[in-house]
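Colleague: Going line by line, the protein sequences match chains P and F.
Our numbering numbers the first residue of the first sequence as 1 and each following residue consecutively.
Our numbering numbers the first residue of the second sequence as 1 and each following residue consecutively.
All clues stand as given, with none of them false.
The list that follows gives simulated cross-link-like pairs (lysine to any residue, SDA-like), each with its CA atoms no further than 25 Å apart:
| hint | chain 1 | residue 1 | chain 2 | residue 2 |
| --- | --- | --- | --- | --- |
| 1 | P | Lys16 | F | Gly296 |
| 2 | P | Lys2 | F | Arg299 |
| 3 | P | Lys2 | F | Ala184 |
| 4 | P | Lys443 | P | Glu481 |
| 5 | P | Lys16 | F | Arg258 |
| 6 | P | Lys2 | F | Gln180 |
| 7 | P | Lys153 | F | Gly296 |
Hints in this document: simulated from the structure, not taken from any laboratory.
These numbers come from a predicted model, not from an experiment.
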Amino acid sequence: MKRFAALFSALDQTTKTNAKVAALAEYFREAPEPDRLWTIALLSGRRPKRTVTSTLLRTWAAERAGIPLWLFEEAYPIVGDLAETIALILPDPSRQSDRSLADWIGVVRGLGKAEEAERKAAVLDAWDQLDRTERFVFNKLITGGFRMGVSQKLMTRALSQATGIDEPDLAHRLMGDWSPESTSFRALILEHDPAADLSKPYPFYLAYQLDDPPESLGAPADWAAERKWDGIRGQLVLRGGAHHLWSRGEELMTDRFPEFARLIDFVPPGTVIDGEVLAFQNDRPMAFAALQKRIGRKTVPKKLLTEAPVLLMAYDLLEWEGQDIRALPFAERRAILDDLIAPLPTEAPLRASPLLQFDTWEDLAAERAKSREMDAEGVMLKRRDSPYRDGRRKGDWWKWKVDPLVIDAVLIYAQQGHGRRANLFTDFTFAVRDGDALVPFTKAYSGLTDEEFRRITAWVRRNTTERFGPVRSVTPQHVFEIAFEGIQESPRHKSGVALRFPRMSRWRHDKPVEEANTLDDLKDMLAAYGGATP
Amino acid sequence: MPPLERRDRGHRLCPAPLSLRLVAPARRATPQPMADPLLSFTDRGIYCAAGDFYIDPWRPVDRALITHGHADHARPGHRRYLATEAAAPVIRHRLGEIDIDTIPYGEVRDVGGVRVSFHPAGHVPGSAQIRVEKAGEVWVVSGDYKTEPDGLCEPFEPVRCHAFISECTFGLPVFQWRPQVEIAAQIDDWWRANRAAGRISLLGAYSLGKAQRVLATLDPEAGPILTHGAVENVNEVLRAQGYPLPPTIRVTPDTKGRDHPGALVVAPPSALGSTWMRRFGTVSTAFASGWMQMRGVRRRRAADRGFVMSDHADWDGLNAAIADTGAERIFVTHGYTAIFRRWLAEQGYDAGIVETAWEGESLDQTDEAEA
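Using the sequences provided together with the hints, build the complete structure.
Modeller: Below, the structure written as structure tokens:
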């Protein structure tokens with residue numbers, strides 16, 4: 001654990017990518033193999049099953065620290081992290097331990113079967129022999145959600161340096177349905193057999209936002225374009241008579257979307273399709289809220305299947321006839337995809353995302369301007385001769401989103417942030433004017449610079465008019481431009497609307513409260529862009 | 001007189017022995033006739049009506065007693081100031097031409113019929129708690145304080161009283177400082193590693209107090225130390241008073257990083273990430289602050305390192321200091337006041353909250369001395 005805790009500190013103590021990769025690579029060269037495998041698992045979101053509830057951990061920690069539980073509960077949101085709060089609050093350990101990471105994970109996993117008294121004794125015993133950083137790591141192993149400031153991409157790079165295996169190849173080996181219990185470092189990384197796992201997905205290729213004008217991309221003829229759909233990215237793997245649907249976060253979504261089981265009858269085995277899962281009805285995508293109802297459920301009641309049926313809007317083909325075809329140019333992959341989908345009956349939950357026709361960038365800009373009416377977020381640009389790459393890489397895929405909708409709103413409530421934003425006011429509620437009244441309609445947490453957050457924090461401290469627990473109401477004085485991607489009717493909100501992805505796009509120092517937008521303006525936007533109701 | 005030789009004289013000055021609070025005070029069954037409290041809380045600051053003076057007021061007043069020279073406590077615009085002999089030079093340096101009277105630690109002075117004395121707060125060189133007494137009733141205003149001796153400022157001295165107005169910047173049990181020697185060793189190690197890698201080390205620390213404390217704790221043999229002008233201005237004042245500080249080199253517009261390989265640069269937190277630091281090329285950056293205890297804050301500041309070093313009392317320090325006053329009535333100000341008040345009330349104190357304009361240790365405030 002000492003070595004892993006030292007790695008954690010090294011990663012935590014630098015903001016420089018090269019230093020992080022070097023620290024990780026060294027770890028991957030030197031740590032025992034089971035520890036390496038667990039580290040890879042933790043950094044790719046595979047964590048041991050939770051064996052102790054957070055309620056019990058809090059109670060035990062407060063008791064061990066000699067403070068009342070309420071005081072612990074007050075400190076926790078300020079620190080913003082349960083594992084860290086516990087690590088900070090406990091008294092110093094009385095002894096040391098040199099057990100390995102894999103060993104401690106064994107302890108954590110063993111807790112699942114133990115009686116509560118036994119579990120408590122084991123946790124208190126662990127806390128008493130780990131220093132602050134080790135304790136933090138240990139608590140994280142129990143509570144899950146390990147974030148070490150290292151993306152999977154960086155981890156893959158470090159692992160590549162340590163093993164000499166190419167990054168894209170490694171990225172593929174690390175995909176899919178494995179856990180340190182089901183494999184070994186040797187089997188997964190060093191002696192990888194692609195045929196061993198029928199469900200294994202390919203690494204997703206992710207697009208960058210296009211900030212420069214499209215002219216910067218060169219000749220329009222080199223590019224294909226399609227709508228940017230507002231659903232969830234999915235990779236459908238059809239092999240050996242079974243199907244698996246993976247999310248971008250490498251979660252299996254197969255059971256949530258039973259519709260896709262039918263595709264086994266239409267699509268030959270040895271096919272892997274990349275696309276967007278959309279709730280789809282009457283020949284058009286439904287609002288995202290409809291899909292949201294499906295995401296939250298592990299099993300789907302019949303009623304929901306008819307209310308919010310889904311399909312896969314396919315845009316790429318990664319495997320065909322059992323062959324990995326990612327190296328083929330996009331245009332060729334896309335042609336095979338179109339041939340595959342064209343003969344399917346319309347009720348098959350699979351469509352090809354239509355390619356947009358354009359000869360000039362002006363043509364495409366005109367298509368992009370139609371995005372909202374087409375229920376899309378913008379357009380996607382893909383270079384015709386490009387391979388299907390892995391991870392987020394610049395150059396071949398771009399997302400060119402429509403400009404967000406904006407409205408000028410008045411800041412009325414403020415609340416302190418957590419974790420990274422502790423002791424700053426970062427969570428705000430905004431209102432539009434309605435006669436002399438101010439009607440709250442959205443919250444927003446992001447979009448300001450650190451410097452702006454500092455300034456508004458100082459202002460909130462001086463201009464608090466009332467406190468409701470952690471929420472402060474402030475003098476209505478500051479106007480912010482709120483940008484958002486969509487607007488929907490919502491009976492749950494006082495204003496009657498709900499926004500999608502609201503954020504503060506500008507602090508309108510130039511605007512007095514009297515010039516902020518009104519509830520009528522908001523209703524006009526709802527009428528214009530509210531689209532299909534969920 | 002070198003500051004470290006000052007003796008702990010606070011207890012002796014407390015005239016009448018106060019009854020120690022041993023058990024929770026019972027709620028008084030019948031309200032006693034209440035005289036005006038010795039100190040009251042106004043929108044200008046803490047006010048003593050009997051003596052007609054304010055303590056660390058935030059708006060201009062006729063007579064101000066000042067605990068220490070930080071900008072939120074020593075403000076411009078008062079007609080007359082009173083501060084310790086040790087604090088006055090910095091206050092003069094920061095506020096310019098002011099009418100300031102000084103007092104040694106521990107000496108009792110009559111201000112408008114009220115007995116007033118200043119006692120070390122251990123926060124920054126010259127900082128004081130202010131004790132106020134009339135007709136046997138004793139109040140103490142803590143100002144900012146820390147209980148761990150740092151080898152530079154006059155060590156904190158508990159002062160017994162009936163009512164104690166205490167800061168609680170770090171009034172949460174997650175704030176538990178490690179001993180200063182451990183933190184100093186961490187800073188030295190960081191500096192040494194950077195030097196070995198051919199990098200300059202840039203440490204963000206308050207220009208009054210933290211900066212000098214860091215300077216005084218570092219290994220003087222480790223290499224050249226450069227200081228931002230705001231830090232060096234304070235250094236000059238404190239050196240003239242006899243506070244022991246190692247030699248430092250002031251950064252000027254002509255200073256070039258390559259002329260000082262492996263140096264440590266001490267600058268106010270706001271200088272980190274500014275154009276000012278470009279002259280040093282590739283640097284390793286760090287902050288020294290109590291807020292560095294929280295990983296989230298550390299990450300937000302995006303420095304390479306965060307050293308948990310504060311000039312305010314930690315959780316145990318606050319609780320010990322409050323217990324040592326023997327006071328029954330505690331007022332808490334700047335910090336996690338609501339939570340800390342509730343905790344004190346559970347411990348049996350008659351505890352309240354005072355809203356003040358004092359800021360405690362804020363990583364996000366601009367150090368006014370830089371302006």
